[in-house]
Amino acid sequence: MYKPRVYVTRQIFPDALDLIENHAELELWPDEEPPSPEQLKAALAEVDGAIINVMDRIDHSVLDAAPNLKVISQVAVGLDNIDIQEATKRDILVGYTPGVLAKSTADLAFALLLAVARRVVESDKWVREGNWKISHHPMFWLGSEVMGAH
787 MYKPRVYVTR
797 QIFPDALDLI
807 ENHAELELWP
817 DEEPPSPEQL
827 KAALAEVDGA
837 IINVMDRIDH
847 SVLDAAPNLK
857 VISQVAVGLD
867 NIDIQEATKR
877 DILVGYTPGV
887 LAKSTADLAF
897 ALLLAVARRV
907 VESDKWVREG
917 NWKISHHPMF
927 WLGSEVMGAH
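Heads up, the numbering used here is the position in the sequence shown plus 786, with the first residue counted as 1.
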């Protein structure tokens, strides 16, 4: 029975790799750094599918080198690195993960807001420099709702 060949350009979750291996021949880029354009072209030359990252540029020349490519799956929210028009002309399906970072981005935004509002970085530095004394009550850590508006 024919199994499609899938090339993955980054280490992804082991469960995802297992799932791919259950349905396809898996080829995985071995390095931490992304493949160069020439390495990517060589890797995609005989595969049916590619799971890529935003660091992998899929342009006309890469698609020319991948005549069997039928599907590209981007593990990222954007598509700026993929020539969608060219992929569409070649009937190559392109998928990506829109919205997957929305909650994490919101969490990070609130964490940064709290860090600024509570002067977390300054306070951490102040403590690490040995300024903390049990008798100290550094008021600059407290918000106006605790100390009253000035």
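Hint data in this document are derived by calculation from the structure and do not stem from the laboratory.
Check the hints yourself; a few may be wrong.
List time: in silico DSS-like cross-link candidates among lysine-lysine, alpha-carbon distance up to 27 Å [said to hold, decoys possible]:
no., residue 1, residue 2
1, 875, 856
2, 827, 789
3, 889, 789
4, 875, 919
5, 827, 875
6, 789, 875
Values in this document were obtained by computation on a predicted structure and should not be read as measured data.
Proposed proximity, residue 875 with residue 827 (alpha carbon, max 27 Å): holds, 19 Å
Quick one, are residue 875 and residue 856 close enough, alpha carbons at most 27 Å? Distance of about 12 Å is within 27 Å: holds.
With the threshold set at 27 Å, check whether the alpha-carbon distance from residue 827 to residue 789 stays at or below it. holds, 21 Å
Taken at face value, is the distance from the CA of residue 789 to the CA of residue 889 at most 27 Å? Violated, at roughly 36 Å.
Holds or violated: are the alpha carbons of residue 875 and residue 919 at most 27 Å from each other? violated, 69 Å
Is the hinted pair residue 789 and residue 875 satisfied, with a Cα-Cα distance of at most 27 Å? Holds, at roughly 25 Å.
Figure legend: structure checked against the earlier numbered hints; hints not met, in rising order: 3 and 4.
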